[in-house]
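Engineer: Here are the chains, one letter per residue:
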Amino acid sequence: MCLPALPGTVVFGAVFGTVAAQKGLTILETVLINSFVFAGASQFVAMEVYKDPVTWAVLLAMVGVTAAVNMRMLLIGASLRPWLGQVPASRTYPSLFFLTDLNWLIALREYDKGERDWGIYLGSGLFMWVTWSVSVVPGYFLGSLVSDPQKWGLDIVMPAFFVALLVPLWQGRRQTISWGLAGVVAVLTWQAFGGYWGILTGAIIGAFAGAYLDD
Amino acid sequence: MTEALFSVDAAFFAVVLAMTAATYAMRAGGYWVMGRIPITPRIRRGLESLPGAIIVSTILPIALKGGVSVMVCLALAAAVMAAARKEFIAVFAAMIAVAMVRSYSF
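Chains A and B are the protein sequences, given in the same order.
Taking the numbering used here, the leading residue of the first sequence gets 2, the next gets one more, and so forth.
Taking the numbering used here, the leading residue of the second sequence gets 7, the next gets one more, and so forth.
Just chain A, with the same shape it has in the complex:
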């Protein structure tokens, strides 16, 4: 079930290992940041602002970009409420550490098919975490082997997976209008500010449109 995401995750993790090695992190530092933070895109952006020695300014910059890139998780987590809300908080809050775009998408797909066992969400999250944690090690030592993931089309795996999951979510006019508005706002925001702000603004506009459009 998680298999379509596997090659992309392994390569993405390995490339992070390579970047970390180039920035002068030790292997233990690389494994720590990779397994603790467990949020691919934000780790890459944080490594862009990393400088040795670490000053307060470097720390604040790294935490700031991490928060900005991961802000979409606020909305992704919110969308899980109707499902995980029935599970005791002592279980859901630890499990939210393993929330990523990918296991959210996998869980969402199964939820739409009628699955109500939240183990799908947790299991796929743990699977992603183990894969991500292991894949960084070969990348750290054998960086040059995956220097050109684009050539193999590996950069398209994530967006193509997103597109594939979007298709069954479409049901009619409500989706067409709310997704259209989300897309326009996301692209305008992205062109004005760059980065990941467009995910936030587009998603919020799309959710409002969906909430106020009556079928």
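No lab work stands behind these hints: they were computed from the structure.
Honestly, I wouldn't trust all of these hints.
[Said to hold, decoys possible] Listed next, the in silico DSSO-like pairs over lysine-lysine satisfying Cα-Cα at most 30 Å (straight line):
hint, chain 1, residue 1, chain 2, residue 2
1, A, Lys24, B, Lys71
2, A, Lys24, B, Lys92
3, B, Lys71, B, Lys92
4, A, Lys114, A, Lys24
5, B, Lys92, A, Lys52
6, B, Lys71, A, Lys152
7, A, Lys52, A, Lys24
8, A, Lys52, B, Lys71
With chain A's structure known, arrange chain B on it following the hints.
Structural biologist: Leaving out everything else, chain B in the frame of chain A:
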């Protein structure tokens, strides 16, 4: 050499902990807030619209950044998905298509 390889800079460890806390706050924060708000039918509809809106807002900038080849291959993924209804077939079709386009163009 091994010692150097396995050492951890204290300041760097502080950065890792702060980044972990920031990320967890995002992961759990939205979920927490939604537990404090009564879920009216309107809010439920908004939450149901959220996943699609997040996906669209994520992939559109990627598609525009990637240029025509990426856009065509993502459209192909959507077409394959609509026909075959299997994610992995759609993903592999897009991967093979983009790898072929790139090997011919540069």
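Engineer: May I ask which of the numbered hints given earlier this structure violates, with the numbers listed in increasing order?
Structural biologist: The structure conflicts with hints 2, 4 and 5, although it agrees with all the remaining ones.
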